[in-house]
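Colleague: Sequence:
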Amino acid sequence: MAGVTKVEIKESVEELHELLLKQKTASSFERIQALYLLKIGQVKTIQDVAVVVGRARVTVQRWLKNYQESGIKGLLTTLKSPGRPAIISLQVREQLDKELQESEGFKSYEEIRTWLKAVEGIEASYKVVHDTVRYQMKAKLKVPRAVGIKYDSEAESEFKKTATIPRSNKKHVIAPVDRQKTMRYWCGDESRVGLKTEAGRLITKKGVKPIGIMQWKRDNFYLYGLVEPLTGEYFIWEFSHLNTACFNIFLEKFSQTYAQDIHILQLDNGAFHLSQHLKIPENIVLLFQPPHTPQVNPIERLWEEVKRHLTWESFSNLDELREFIWKRLEQLNTSVVASITGWDFILDALFVSGFS
5 MAGVTKVEIK
15 ESVEELHELL
25 LKQKTASSFE
35 RIQALYLLKI
45 GQVKTIQDVA
55 VVVGRARVTV
65 QRWLKNYQES
75 GIKGLLTTLK
85 SPGRPAIISL
95 QVREQLDKEL
105 QESEGFKSYE
115 EIRTWLKAVE
125 GIEASYKVVH
135 DTVRYQMKAK
145 LKVPRAVGIK
155 YDSEAESEFK
165 KTATIPRSNK
175 KHVIAPVDRQ
185 KTMRYWCGDE
195 SRVGLKTEAG
205 RLITKKGVKP
215 IGIMQWKRDN
225 FYLYGLVEPL
235 TGEYFIWEFS
245 HLNTACFNIF
255 LEKFSQTYAQ
265 DIHILQLDNG
275 AFHLSQHLKI
285 PENIVLLFQP
295 PHTPQVNPIE
305 RLWEEVKRHL
315 TWESFSNLDE
325 LREFIWKRLE
335 QLNTSVVASI
345 TGWDFILDAL
355 FVSGFS
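For the sequence shown, my numbering assigns the number 5 to the initial residue and increments by one for each residue that follows.
Be aware that a few hints might be false.
In silico lysine to aspartate or glutamate, EDC-like type, Cα no more than 16 Å apart, as pairs [as the list claims (entries may be wrong)]:
id, residue 1, residue 2
1, K283, E256
2, K142, E73
3, K185, E286
4, K146, E98
5, K131, E114
6, K14, E73
Estimated spans, in silico, between C-beta atoms of each pair [as the list claims (entries may be wrong)]:
id, residue 1, residue 2, range
7, P214, G58, 46 to 52 Å
8, K26, R205, 33 to 39 Å
9, E286, K200, 21 to 27 Å
10, K185, P214, 20 to 26 Å
11, Q95, K14, 56 to 62 Å
12, V56, A122, 31 to 37 Å
If you're looking for bench data, these hints aren't it; they were derived computationally from the structure. Each residue gets a CB set at the ideal place from its N, CA and C atoms; glycine is no exception.
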């Protein structure tokens, strides 16, 4: 009789019942169910099975054929449809990935759409581009680090290779009597903090526009700071101005606080750092980083860590701000500071040069 099944089911009724209980998807459950119904004799034909499980007859035939050829494993194997070819092919994505690895980046997802059309000849909707780039390629809009128009990437790269003064060269900058003292490497910079509100992002539900209360008072003061990447130790003083006179005082206080050691200070090329009126203590050596490269100075990370807590905060006067800043600094132990300022290129250079 046409339609009568001729499938030899090897599993026992108990085994099939146990398999039924283990299935986690409706698709796999109904396939095992088809075998179970045939095994216990509740149905006799493929058509009967199709009616009970609610599938087309040809579908059930395909299941049983897979079972005959490969057993339970073959029965439960599902073939996924490849679907439509991707609008942005793998080859194009590889090329786009190279573009996204460049630090200049794209200004928007719309600009990526324009690039795809101009360079690859691909017309893709904004949604396709956004989903592909943001969720599949894991690239998103970020706030870039601003660099000066005279920024020299080659100078930055070279500085990272020679960030410290090797032991063999210390004799050129340190008096013979001091060569046996402990050498320490610090990174220094200054940062202005004031009453003008620091703006930042806020999280709200979809459709809700966040509102930030802004204060425009211009009163401010400056933090002069040094951080030792190797240990996380830091030295910070507050001054009213950013000039040579204040920097001289700062250097003198630092020199007296750590009088027993010799210190190499990495600084930027600020005018007061290079002033002819600068009085450099005997136990301090200045090392200047390339112009327009604040990104090679890890103390920038310390300032960011302090200032991120200022976002959308308002202070009535400088005393309130000052109290807030110093409380935050007191919470930063050396382990935390070392973790955010101990950059690999500096630590590697220090170890090679014999600093410890």
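Colleague: Hint by hint, note whether the structure agrees.
Modeller: Here's how the hints hold up against the structure:
no. : hint                    : verdict
1   : K283 x E256             : holds, 8 Å
2   : K142 x E73              : violated, 42 Å
3   : K185 x E286             : holds, 12 Å
4   : K146 x E98              : violated, 21 Å
5   : K131 x E114             : holds, 10 Å
6   : K14 x E73               : holds, 13 Å
7   : P214 x G58: 46 to 52 Å  : holds, 51 Å
8   : K26 x R205: 33 to 39 Å  : violated, 47 Å
9   : E286 x K200: 21 to 27 Å : violated, 40 Å
10  : K185 x P214: 20 to 26 Å : violated, 54 Å
11  : Q95 x K14: 56 to 62 Å   : violated, 47 Å
12  : V56 x A122: 31 to 37 Å  : violated, 58 Å
Hint check: violations occur at hints 2, 4, 8, 9, 10, 11 and 12; the rest are consistent with the structure.
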